[in-house]
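Chains as they are written, first to last, in my numbering: chain A, 1 to 270; chain B, 1 to 227; chain C, 1 to 741.
Hints in this document: simulated from the structure, not taken from any laboratory.
Don't take each hint at face value.
Unchecked claim - Think about it this way: if two alpha-carbon atoms lie no more than 27 Å apart in a straight line, the pair counts; the simulated DSSO-like pairs of lysine-lysine are: (1) C:K666 with A:K40; (2) B:K25 with A:K7; (3) B:K219 with C:K27.
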Amino acid sequence: MKHVDSKAKKYGMVIDLDKCTGCGTCMVACMAENNVPFKKDETDKRLSITWMRVFKLTNGKPYPDNEICYLPRPCQHCEGQHTGHSPCVSVCPATATDYDSETGIVSQIYTRCFGCRYCMGACPYHARYFNWWDPVWPGEMEKYLNPDVSPRMRGVVEKCSFCYHRAQLAMEKAHVEGRKELKEKEYQTACTQACPAGAIVFGDLNNPEHEVHQVAQPDPHHHGRPKNPNAFRLLERLGTNTKVYYLSSREWVRRAGDNYLDSEGSASHE
Amino acid sequence: MSHSSDPVSPEGNESPAATSDTESKDGAVIILFFIIGLAASMVVGWVVFPTLLYSKKYQPVSFNHTLHVKEVENGCQSCHFLRKDGTFSGIPTLNSCKSCHESVQGETEEEARFVSQYVDRNREVPWLIYSRQPDCVFFSHAAHIVTAKMDCVTCHGHIGESDRSPVYEVNRITGYSRNIWGKSIAGIKHNSWDRMKMDDCSACHVRENVRQTSVQTEKGGCFVCHK
Amino acid sequence: MKVDRRSFLAFGVGGAAGTALSPLPWKLTDDLSIWSQRWPWVPIPKDGEIRYETSTCTLCPGGCGIAVRMIGERPVKIEGRKDHPVNQGGVCLRGAAGLQYLYGPSRVRTPLKRVGKRGQGQWARISWEAALSELAGKLKALRNDGHPEGLACITGKDRGTVAALLKRFMTAFGTPNYFGPATSTHALETAVRTMTGQEGPVGFDLEHSDLVLSFGSGLLDGWGSPVRVFKAVSHRIERHAEVIQVDSRMSNTAARADRWIAINPGTEGVLALGMAHVIIAKSLYNQQFINQFAAGFDAFKKIVMADFTPDAVAGITGAAPGVIAELAEKFSQAKRPVALCGRGRGMVPGALSESMAVVALNALVGGINQDGGLRLLPDPAYISWPEPVMDPVALKGNQAPRLDGAGDHPVFSPATPNRFFDQLRENAARTPAILMVAEANPLYTLRDTQAVEKTLKQIPYLVSFSSFMDETARQADLILPNHMFLERFEDVPSPAGFSRPFIGLSRPVVAASYNTRHIGDTLIDLARRLKGSIAAAFRWTNYETCLKETLGRKWDGMLKNGYWMNTAASPVSWNTLFKTRSGRFEFNGEDMAAPPWKSIHVAAAGDSSAFPLVFVPYDSIRLASGSVGNAPFMTKTVPDTVLIKEEIVVEINRETAGRYHLAEGKKATLATPRGQVTVRVHLSDRIMPGLVAMPTGLGHTAYDDFLAGKGVNVNQLIGPAKDPLSGYDAAWGIRAKITKA
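Based on the provided sequences and hints, a complete structural model is requested.
Next comes the structure, spelled out in structure tokens:
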């Protein structure tokens, strides 16, 4: 942590729930990009590996006043109350998951993981998934696997990496061009790129010129809490200090984002 | 150790001298056996084990780097170059070879075989890669060559001065090339290119202070070298 | 020297010390730990140079531009093309899962000949030569018997050169029995044709509209060109435009719309006419357009004023009279309003008069060929081959009555597969000797699946050109597998609903993975084998030269850009737009026996006392309901409120469920006049009372283990209902009952 070549980045995301259509393209783009396996039956959602998952929130009101809102949930890349005190990183006994103070990304190294699943228990967002089975690519689907992301094996935990391999590839280009910094749109996650509604914005939350910073307006004095009144983070009160911000013009949606006690509101999710 | 079962236990009436003589003789035998054991296991550990651990493979075509380096204009980068997008081309594909070897150029048997077996049949050569890392490793040649201004020899040694392909030794347990651990079975390293393990990457990164940003280890961040 | 125990131990200790001093334990530990991380059966994807190949996706009629990321010769991911005018960088989940189709287990990898019983799935792999000579032999025999009309063909596409080649083949061969797809696009185009005299695709300028009024069109459920529509809907926020969704269930579109108007299913056309009533009554219509460019307005006005009063419309639709008036006012006062039709994804047509009502509504506010409105696009008409010369056998065959019994109406002579099967059921003597199925899967997509299957089995010889082992291919006698879209050239004209004249080009980004052939090449080869006038009609050496020749001067540009677009063309003005005999917009359509408005409401079939509920299928972007089913990644995104293990979940209003004592997630028996299935129920607060809604796209019996056997095909439960005006299938739903299982 001594070496600061340039200002440390804090890669993060803003997802505009007013724009999200719930189509699920982000989920599929993520699976295709990251060699996520699939099984014959994926209806048991606890066993279904989805680094990015679209949840459906409802305001819980009866017909015809019911409303819904889709909420895409990647790994939230929590920073915690001090750098890197993420729920998962702080419990990993294998140093398989780590927090990088240069990028703010929570990494997961599959070959290092021995599958204790402590991190899954610690994660308040259910963003981590365990490989109960070896992945199988039927037919000749192995042919489409992306060499930039290593396929996982049975017995390890996996999760969203903010497509960090894309930053690695972008950096390679920067190196040959003699740059040490990436441009804003040079490194984008697969979900951001694919979203047909343009609901996801990705960039460096520390960089005031980046759209994510301008939209979310993170408050450095309050662990990045958004100053934009329409923005919120999931389970803000846990102090996880996440890097995924959500925007909604609807109050019940914003409330649902931090609603983790039944007694605190009527919003529920399905 | 129980005395009752000891075959040389002083149950009889041996004289003390005899006893001490036997003891010293015994001691020598013990030391001898100790040394035999030590020597044998050293031989096993240092000689037999490495022979058993590695199996030998040969490149499909023996490649003469010395000759090629002379022929090309731009040294290593003539064939092993960075692409425009910054990714590293690695071992040239048949197409690059073809630009010269469409037909036999020289007089060597190896080249003739290369042309008849691969060029004529349009088959890629299944080269064995001495420096192949596990799939979970991300290595940026661009970062090292361009930004850090390192030369090829630092990691790859003097392969460019070889006139035939070295034997490819593959670790029977891990499946990786011996070049990763290094020739020395003890892992002793004299030159920077002798080993290519994670610790070697890390040592250099610590020394050069490259993104020592891991919260867990306070050393290099995982996603610097892993994918 | 005696080797005793002590010396043996010394040897052991020495050995241990020596081992510790040797690299063995340390190296072994290190190697074993690496070994423990190495799972040799976990694939290591091959690395290589990254490049992008562009093409056009043909998985749906959307015609999006795609950029396929290649590693060497291997495609690894499909992304949206940023510089493509249709989708501008986005992609939908189906396109993103496209490579799963390419390499999936359900690909037909070589020509197959049936050896077991029909549908048993026992095949002999045969060569192309053997397959084509067998089919050519059968076809020759038909002609030798003097009955070429015994050949019929069902295709899922009716635009572009592939469809044109198929049609040409049928004509040259001597049969009129060519059945194109029937979708709402066709209903809309027929409506536009009869009202404006314009042939050609219909577009909607959603990007510039300030009020999009959708009559059940699933803008966010796959309607039109999905990515383009998604963008238009999402970016309306910045444009301060509004989307109003008319739907009986809160679809994704309704959920994200600014306003959801719940009306009884199947009454969208009635609501449109109710709005027309208010607009006319309050003189809110575009005076200039009505006075100078419209005909038949008085007759239209008379019917609308008499039969579609807000009260009457409220009675049928369930929307309050005040809401109807408010909608009408809002629509007519918007600057650039547009009304859309085509339920859900728009793959099932409805009553023709429904489409006409929506076009009339657009016309009332002068929203035709205006910014943000409905656009009549000139037909790109680039396929201008000389008519095939028919020999006497072909001439005679083409005179034979069509197997679907359709007449020769000047406006619409619908050649629809549903009518074809209806006719076959009624009169087995009409059974064709050979049926060819191309890019269609009638056994899955047509209403009343069981009946279609029974009828299909009557046909002596069934040929499929499918790339996948779908329901219809599985019943075939011969499969001549087509290349998959990433392996072939094809023109993709007029993306659904796109508002500019446009032709996309699909091109091979990867060499054919299996022993498949382009359907165009198969047809050219077949024609050659049939010799004479048929061969003469197919003089091209192969499909690629045919396509190149057809596109002529457009070809080079299309190869370079991946598409052709007429950017210069501005919408034709009202003065010269209408090609009707009157030269004006015909409110009641041209060549109609009577104004079409009486048949606008097609009621759900079934007895309301035995079947008190109404069953409505709904489309979702996550489930492909067309001829090609879901890729595994898509099915993975399906929520557990739609599918639990193999069981489909139907949506029912919480209150209605209470009446039938149904509880969340519990099993129930759902019956319609056409069939009965076991389902699970999901109690919903987002659907009108009295309805049972079921997602389309499930219930496949073919394809692979990742799709087959999951859920229920809605078409099992619905029978076709014929629109009296057009002959199109107008079955938007059916009556149903549900009981606790």
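Hint by hint, here is what the structure shows:
1. C:K666 with A:K40: Within the cut-off at roughly 23 Å; holds.
2. B:K25 with A:K7: Since the Cα atoms of B:K25 and A:K7 sit roughly 74 Å apart, the hinted pair is violated (cutoff 27 Å).
3. B:K219 with C:K27: Cα-Cα ~24 Å, so holds.
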